[in-house]
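Given the structure of chain Y, go ahead and fit chain R onto it with the hints provided.
Protein chains: 2
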Amino acid sequence: MKKRLGTQTIYFENPPSITACATVVGKKESEGPLGSYFDTVIEDGLYGEKSWEKAESKLMRTAISHVMHKAGLNFEDVHYLFAGDLLNQCSGSHFAVRAFAVPFFGLYGACSTMAESMSLAAMAIDGGFAEKVIASTSSHFCSAEKQFRLPLEYGGQRTPTAQWTCTGSGAAVISDHLMPPYITHVTTGKIIDLGVTDANNMGAAMAPAAADTIAAHFNDTGFCPTDYDLIITGDLGFIGKDILKDLLKRAGLDISPVQEDCGCILYDKDAQDVHSGGSGCGCSAVTFCGKLMNDLRCGIYSNILFIATGALMNTLTCQQGESIPCIAHAVRISTKAGGHA
Amino acid sequence: MKKRLGTQTIYFENPPSITACATVVGKKESEGPLGSYFDTVIEDGLYGEKSWEKAESKLMRTAISHVMHKAGLNFEDVHYLFAGDLLNQCSGSHFAVRAFAVPFFGLYGACSTMAESMSLAAMAIDGGFAEKVIASTSSHFCSAEKQFRLPLEYGGQRTPTAQWTCTGSGAAVISDHLMPPYITHVTTGKIIDLGVTDANNMGAAMAPAAADTIAAHFNDTGFCPTDYDLIITGDLGFIGKDILKDLLKRAGLDISPVQEDCGCILYDKDAQDVHSGGSGCGCSAVTFCGKLMNDLRCGIYSNILFIATGALMNTLTCQQGESIPCIAHAVRISTKAGGHA
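Heads up: the protein sequence lines correspond to chains Y and R, in order.
Counting from 1, position 154 in the first sequence corresponds to residue 142 in my numbering; the numbering is continuous, with no gaps.
Counting from 1, position 277 in the second sequence corresponds to residue 265 in my numbering; the numbering is continuous, with no gaps.
Chain Y with its partners taken away, still in its complex shape (with noise of 0.2 Å):
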């Protein structure tokens, strides 16, 4: 019997636990409205190293070793360590892990790799090939902007369309534990692309894969938008909040009542001139790990779907004229391990 529903989306038997989270953010997502949530603050970007690229590595070794810390585990008690970054060939991730003796699967997901790797994480728990798995993923605004977009001493002018990548990584540990919350479904996504060319627009070019993945959830399970507490977009950002709203609102579904999105919530739209909102692998991660963990536990929240959406472009496919391929990757998370469609 396998475990699937309709053709996008699986459900655990044994919905695997997230046991616990950690997150470290810049001085910039400290200030912001989640700031109380996270549980480390670097005050400079660098974080005592000699590049930014460094840095980031430093972020995502420092969330991953609290988070074993929290949840008392050594390197023989992880199975798995699933992760993946922004920076060219996920340099992000392996500096970070390099530190740690784990066995290790590289993922690219850009922005959607948190629920990627938490999918993949679930999987291999559920399928009976790991009991402790740890999922993380991270971003640096500088080493983006680098990277992706001008030099930060340039000082450019950025669109209103644009958004502020995350300086943060958030690392979660997913267990065969039974102590909620558990990871009950989980709808993977296909890559849309409907077109969109313009790379400082990305929550509009990402807006179409959140709504497909999120119509297959729901056509999927049976599940209705009145059965979550909140939905969650990992970082469509103002713009592609409003987008994928309407968008969903064409096929039938009116989620409004319960949307939200990382990228709207992390910084203060007002004070902190972020544009359309937040973005960056490190978005969502922190988000999740820092306050959505926090009210799934305080009981807050009983049932969320969490959509990472990634921008699959780089600079050069830009420059040759391509559009942008997106995907969403979407998990529930319930504080009650049974109960699927």
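Treat the hints loosely; a few may be bogus.
A pair counts as met if it fits within one copy or between any two copies, since identical chains are not told apart.
To be verified - The list that follows gives simulated cross-link-like pairs (lysine-lysine, BS3-like), each with its CA atoms no further than 30 Å apart:
hint, residue 1, residue 2
1, Lys58, Lys(-10)
2, Lys233, Lys134
3, Lys(-10), Lys324
4, Lys324, Lys(-9)
5, Lys58, Lys324
6, Lys257, Lys15
7, Lys38, Lys134
Calculated directly from the structure, the hints in this document are not laboratory data.
What follows is chain R alone, placed relative to chain Y:
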């Protein structure tokens, strides 16, 4: 009951089958010793596209289309596609997979990606989450040289330790069919970095990662080298292959009677002037999906250990003086489904 052996190895209760494979290679690869094993040969590196990057995506798109045709699959039959490549942000895969409406997990394991994708595909199937999964990867000599080394037009001298990035893509359908060969065990690698900093000698950098994973495989399973007809690494090349043999001998393991390396057999050492051998994600992918799959089906091999190896640096980490973190993932493939250690 977990399906685990030792610290890094899992086995499958119902070993997934490698049902079909397809390969696309460049002209040079078709002129090498394995030329007759490949399905499709492109005569021109641009493959009718306007850039090498677009050509690389077309290589993978062609391989996946072909393997779906061989296995008689439509989009809705493919439950997951696992793929990755060497280009920044894995754009080779994304622009290939965009053509296929299937749930997608993006991976980055550098040249270890074929074994990584086969590992996760097999876990998805034996875990009960899928019936048919495609694993794929690609590389292209021109896009890799342009991105990692020097403009081709510059005509730079290659060092004697350098390897030649394979132009090619392989794709495999892994399924729950009862049809040999089967994936019976997976040993997932840790990141190993012994301090090699020479990006023109990746065989030396990767050999310790291969040795670590192979030693873990034998420790975990109780198998010994004589249980295998072939122990084949991804792309250590001639220098790395010798280092691996020596490292394992020191650890009390003599694999030399059955040792081979995809990078050492893909090109003709004397006639094709590739220095230390082949490399690139495509090297182990086309060798496995072409020659090894053929030889397993023909009964030439009954049990092989396929260890794809990856060097996880990028150009920037080299410029910043970092050493090269490496990884190797091992997959045991057998014509018999039973008999885990």
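Exercise for review: Check Lys257 against Lys15 for me: Cα-Cα at most 30 Å, and say if that holds within a copy, between copies, both or neither.
Suggested key: Within one copy, since 16 Å is at most 30 Å while 55 Å is not.
Check your understanding: With identical chains treated as interchangeable, where does the CA-CA distance between Lys324 and Lys(-9) reach 30 Å or less: within a copy, between copies, both, or neither?
Key -> both (18 Å within a copy, 26 Å between copies)
Review point. Is the C-alpha distance from Lys38 to Lys134 at most 30 Å within one copy, between copies, in both cases, or in neither?
Key: So Lys38 and Lys134 pass the 30 Å test inside a copy (15 Å) and across (27 Å) alike.
Check your understanding: For the identical chains here, do Lys233 and Lys134 meet the 30 Å Cα criterion within one copy, between copies, both, or neither?
Key -> neither (32 Å within a copy, 42 Å between copies)
Practice item. If the cutoff is 30 Å on CA atoms, where do Lys58 and Lys324 land: within, between, both or neither? Let me know, please. Key: Within. Shortest intra-copy distance 22 Å satisfies the 30 Å Cα cut-off; inter-copy 43 Å does not.
Exercise for review: State whether the alpha carbon distance between Lys(-10) and Lys324 is at most 30 Å within one copy, between copies, both, or neither.
Suggested key: Cα proximity of Lys(-10) and Lys324: in one copy and across copies (22 Å, 23 Å).
Review point. How would you classify Lys58 and Lys(-10) at a CA-CA limit of 30 Å: within, between, both, or neither?
Key: between (34 Å within a copy, 24 Å between copies)
Hint 2 from the earlier list is the only one contradicted by this structure; the remaining hints agree with it.
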